[in-house]
Amino acid sequence: MAKIPIQFTVNGEPREMMVEPAWTLLRTLRDELLLTGTKEGCSNGNCGACTVLVEGRSVNSCLVLAPEADGLEVTTVEGIARNGKLSHVQEAFVQEGGLQCGFCTPGFIISATALLRRNPNPTEEEIRLNLAGNLCRCTGYDKIIKAVMRASAAMASGGAPAT
Amino acid sequence: MTMVGINESVKRREDPRLISGQGKYVDDIRLPGMLHLSLVRSPHAHARIKRVDVSRASKMDGVVAIFTGADLQEQLGSLPAGWVLPDLKQPKHPPLAVDKVRYVGDAVAAVVASAPYLAADAARAVKVTYESLPAIVDAEKATKRGAPILHEGNADAGGAPNNVAFDWEVNGGDYAAAAKKADVVVRERIVNQRLIPNAMEPRGVVADYEPASGQLTMWTSTQIPHLLRLLFALVTGHPEHKLRVIAPDVGGGFGSKLYIYAEEVITGIVAKQLGRPVKWIEGRQENYLATTHGRDHITDVEICGNKDGTITGISCEVNANLGAYLSTFAPLIPTILFGIMLVGVYKLENVKCKVRGAFTNTTPVDAYRGAGRPEATYLVERMVDRFADAVGRDPVAVRRKNMIPAFKRGKAVATGVKYDSGDYKKALDKALEMLDYPKFKVEQRAARKEGKLLGIGFSTYIEICGMAPSAVASSLGAGAGLWESSLVRIHPTGKATVYTGTSPHGQGHYTSMSQIVSSQLGIPMEDVEVVHGDTAAQQFGTGTFGSRSVVVGGSALYMSLQKVVAKARKLAAHQMGVPEKQVQFANGRFVVEDVPDKSMSFPDIALQCYLAKDLPKGMEPGLEAVSFFDPENFTWPFGCHVAVVEIDEETGDTKLVRYVGVDDVGKVINPMIVDGMVHGGVAQGVGQALVEQAVYSNDGQLLSGSMMDYAVPTAEMFPNFETARTETPSPTNPLGVKGAGETGTIAASPAVINAVVDALSHLGVTHIDMPATSEKVWRLIQGAKEERRKARQGSRNGRKR
Numbered sequence: 001m002a003k004i005p006i007q008f009t010v011n012g013e014p015r016e017m018m019v020e021p022a023w024t025l026l027r028t029l030r031d032e033l034l035l036t037g038t039k040e041g042c043s044n045g046n047c048g049a050c051t052v053l054v055e056g057r058s059v060n061s062c063l064v065l066a067p068e069a070d071g072l073e074v075t076t077v078e079g080i081a082r083n084g085k086l087s088h089v090q091e092a093f094v095q096e097g098g099l100q101c102g103f104c105t106p107g108f109i110i111s112a113t114a115l116l117r118r119n120p121n122p123t124e125e126e127i128r129l130n131l132a133g134n135l136c137r138c139t140g141y142d143k144i145i146k147a148v149m150r151a152s153a154a155m156a157s158g159g160a161p162a163t
Numbered sequence: 001m002t003m004v005g006i007n008e009s010v011k012r013r014e015d016p017r018l019i020s021g022q023g024k025y026v027d028d029i030r031l032p033g034m035l036h037l038s039l040v041r042s043p044h045a046h047a048r049i050k051r052v053d054v055s056r057a058s059k060m061d062g063v064v065a066i067f068t069g070a071d072l073q074e075q076l077g078s079l080p081a082g083w084v085l086p087d088l089k090q091p092k093h094p095p096l097a098v099d100k101v102r103y104v105g106d107a108v109a110a111v112v113a114s115a116p117y118l119a120a121d122a123a124r125a126v127k128v129t130y131e132s133l134p135a136i137v138d139a140e141k142a143t144k145r146g147a148p149i150l151h152e153g154n155a156d157a158g159g160a161p162n163n164v165a166f167d168w169e170v171n172g173g174d175y176a177a178a179a180k181k182a183d184v185v186v187r188e189r190i191v192n193q194r195l196i197p198n199a200m201e202p203r204g205v206v207a208d209y210e211p212a213s214g215q216l217t218m219w220t221s222t223q224i225p226h227l228l229r230l231l232f233a234l235v236t237g238h239p240e241h242k243l244r245v246i247a248p249d250v251g252g253g254f255g256s257k258l259y260i261y262a263e264e265v266i267t268g269i270v271a272k273q274l275g276r277p278v279k280w281i282e283g284r285q286e287n288y289l290a291t292t293h294g295r296d297h298i299t300d301v302e303i304c305g306n307k308d309g310t311i312t313g314i315s316c317e318v319n320a321n322l323g324a325y326l327s328t329f330a331p332l333i334p335t336i337l338f339g340i341m342l343v344g345v346y347k348l349e350n351v352k353c354k355v356r357g358a359f360t361n362t363t364p365v366d367a368y369r370g371a372g373r374p375e376a377t378y379l380v381e382r383m384v385d386r387f388a389d390a391v392g393r394d395p396v397a398v399r400r401k402n403m404i405p406a407f408k409r410g411k412a413v414a415t416g417v418k419y420d421s422g423d424y425k426k427a428l429d430k431a432l433e434m435l436d437y438p439k440f441k442v443e444q445r446a447a448r449k450e451g452k453l454l455g456i457g458f459s460t461y462i463e464i465c466g467m468a469p470s471a472v473a474s475s476l477g478a479g480a481g482l483w484e485s486s487l488v489r490i491h492p493t494g495k496a497t498v499y500t501g502t503s504p505h506g507q508g509h510y511t512s513m514s515q516i517v518s519s520q521l522g523i524p525m526e527d528v529e530v531v532h533g534d535t536a537a538q539q540f541g542t543g544t545f546g547s548r549s550v551v552v553g554g555s556a557l558y559m560s561l562q563k564v565v566a567k568a569r570k571l572a573a574h575q576m577g578v579p580e581k582q583v584q585f586a587n588g589r590f591v592v593e594d595v596p597d598k599s600m601s602f603p604d605i606a607l608q609c610y611l612a613k614d615l616p617k618g619m620e621p622g623l624e625a626v627s628f629f630d631p632e633n634f635t636w637p638f639g640c641h642v643a644v645v646e647i648d649e650e651t652g653d654t655k656l657v658r659y660v661g662v663d664d665v666g667k668v669i670n671p672m673i674v675d676g677m678v679h680g681g682v683a684q685g686v687g688q689a690l691v692e693q694a695v696y697s698n699d700g701q702l703l704s705g706s707m708m709d710y711a712v713p714t715a716e717m718f719p720n721f722e723t724a725r726t727e728t729p730s731p732t733n734p735l736g737v738k739g740a741g742e743t744g745t746i747a748a749s750p751a752v753i754n755a756v757v758d759a760l761s762h763l764g765v766t767h768i769d770m771p772a773t774s775e776k777v778w779r780l781i782q783g784a785k786e787e788r789r790k791a792r793q794g795s796r797n798g799r800k801r
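Protein sequence lines, in the order shown, are assigned to chains X and Z. For the first sequence, counting from 1, position 73 maps to 73 in my numbering; every step adds exactly one. For the second sequence, counting from 1, position 178 maps to 178 in my numbering; every step adds exactly one.
I should point out that these hints are in silico values taken from the structure, not numbers from a laboratory. Just so you know, not all the hints are guaranteed correct.
What the hints assert, rightly or not - Across the chosen pairs, the derived CB separations fall in these ranges:
| no. | chain 1 | residue 1 | chain 2 | residue 2 | range |
| --- | --- | --- | --- | --- | --- |
| 1 | Z | K141 | X | A132 | 35 to 41 Å |
| 2 | X | A156 | Z | E433 | 53 to 59 Å |
| 3 | X | N44 | Z | G783 | 50 to 56 Å |
| 4 | X | E126 | Z | Q22 | 27 to 33 Å |
Ideal Cβ positions, reconstructed from N, Cα and C, are used throughout, including at glycine.
So here's chain X without its partners, still in its complex pose (with noise of 0.2 Å):
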């Protein structure tokens, strides 16, 4: 299939390359950028594995075309980490204990982040509502739930915004 050329920025770093058109953002991120970060969980959005930031915003990068990313700025779990020092809701993972095999890790920081940027106050029911798009099977998300509350008190409590 002829590939096209699109132009677009992963992790702060401006990108330009050549893609199929079928190829979906994720595998474009994963087998062209070796940004393998990003996990496919399901490939049909369905288990949020595979969730980056595009324009601020969480999405399923296994239901993005390539093409469709042109020119727009994407944010994968490796970008949210600035100058090797975690970013709050990271580092509440850790202390929380918020993840075991790690496996949807990736998705979960990233779609709490999106939520804190939004709204960085969130109840424990907007919390369980915002991460129901991510599957987690080894925490029965009590864990991360947490994690998320203590990356908002961080916030709150004067410390750099959420990356």
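We have chain X already, so just place chain Z on it with the hints.
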């Protein structure tokens, strides 16, 4: 620098990698020249393969090779059952089907191409001509006369007459006599539905073969790298020492990655045939078809006892669905891990249990978190509630009345096993205290008056864990020893690398094992590396399943640490010129008794071991130890879980409003990790109770074939879990631990269903099969109301007459 002990909620050492996208799972591995494999799978549940035409597919872009079952029949061998019950029928299980397919998803051909999409496209272009056969999916109907036969021929010829794989039973006391004498016998037919494990990482394999050396390296998403290497060698004839199996980061398993799978054999052998690296990654829909399922029992159960609330016996007849072939541990799960658990935590003297394992045209069924124990616990705890209801007593009072009193060292029960230690009332009391049961009862009565359906359900469970004493397991059919191994290697600077035979997939072994090392050697956790999941790096090990890793693997590690300390102490005494018994080891220092300023640190001694300039006579240089721990008994964690639900009468929707879980897993290494595992298990158990179900059509199509159709629980389904622990150390291992990986799954399902039934009990409801979906609950409520209306009408009519 963190000096840590046991029972400390140390933050997990694996997390910084995993939260920043640096985890390395199988699909993240790329090798130069790597090819991609895609499987052609049967769309039929039962059919003869008439012809496989690869002519069009093999001419497609990027296609390197296509193999059919007939092409590789010799090389691929047949997948064996790893647990052999008496008279078990063991039909052949070719990794690629040769003349017949037996379930939707059975692999027929392997297509190898330069890119994954090209391989998938070409797999679709392989033309297989099938002759469709009638299919059977129900375990009970499968063994009835006239059902289609999956494995033809008599047992000697590899067949399974009547689709029966085995008939197994366990008996204790005399159930028939007990039932005859009992005031009350309660019967129920209970279905424990089929589940799909849903590890978030689907399976995957990368195989790399080096023709010149004959070395095959295989990265695979598995819980058992060492057993897999052994089984691969036995199945294919590839020499064991020329095979290296690596389990990299593994994204969950829950039992579903505990076997030798067709795809592991196929990918390994295809890489060997082609002399190039080959990758196979399972898609999610493929995972639903090709990775084992769990549960699927149809059971007729009876419980009997007296009006005073004493339970005297339990009996059941089970039809267990095994799917189309015997998966590695399939014969173990619905038999030993199920039948011997039917006593529960009760003084139950009479047990009768018969299990028939049946082949059906469905995905093979094997261990799924809890594996046999959830099925047993569900029966016992459901029937205790039914019994309490029948004798008009409170379910908590009935549980308490029948509980085995506390014991510290061994208690033989009617199914012939011996529990290790237990204090069941303590866990129950703690849960009641957290809950405020009397207050709840008042609230429930008030709620009912307002038309709100509130229910509470208890589950005082017990499980068998810490697999296992090898000799016992072997006498029951195990094809491998179930001990565990460790190697502790102290480096000259006093830092440690430890090698465990266990293989984690989310359990946090890097952290827990480091804690054990730090606590015993008095060195900081940062000075410890834990190596697991690589057959070239470690001694043979058994793997991670059955809540065994810290129990058996942690104990093996503890033993090696003691050996290291013993040698170091001997050397310290020698170098300080005092008798060994005067040397104390504490906080990482060897100190001469009563002479506190005379001491050597652990790193000092480590260095001396390697310099070897002043060793006592006969002592070898170096400082390392290896241990193999084979426990004397299983461990038996227990506890009390309580669910509170609220049901919407108009929609039948069930909301879990409170969940209290008290577990006793003996000693705990890392409470934060244990809490997390309990939470995850509870979510899976609640998922089974309320929403999860694998559904087949009668002709063998998996209707719940994607995450769109199978309900994996989401965050919005749950309240915060209220968890706590009691601590009754196990006497069977040096750490006193019992294992904590499965408690929640085992405990939760009956607690939730008991709560649902309690919420509806005033309507005359006594049972509902899982999952208690809103439709099912709504129909039950409507049915119960209709019954009541009729009854009222009937009595009015009666009076009129």
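Hints, one by one, checked against the model:
no. : hint                            : result
1   : K141(Z) <-> A132(X): 35 to 41 Å : 38 Å, holds
2   : A156(X) <-> E433(Z): 53 to 59 Å : 35 Å, violated
3   : N44(X) <-> G783(Z): 50 to 56 Å  : 36 Å, violated
4   : E126(X) <-> Q22(Z): 27 to 33 Å  : 30 Å, holds
Of the numbered hints given earlier, the model fails hints 2 and 3; all others are met.
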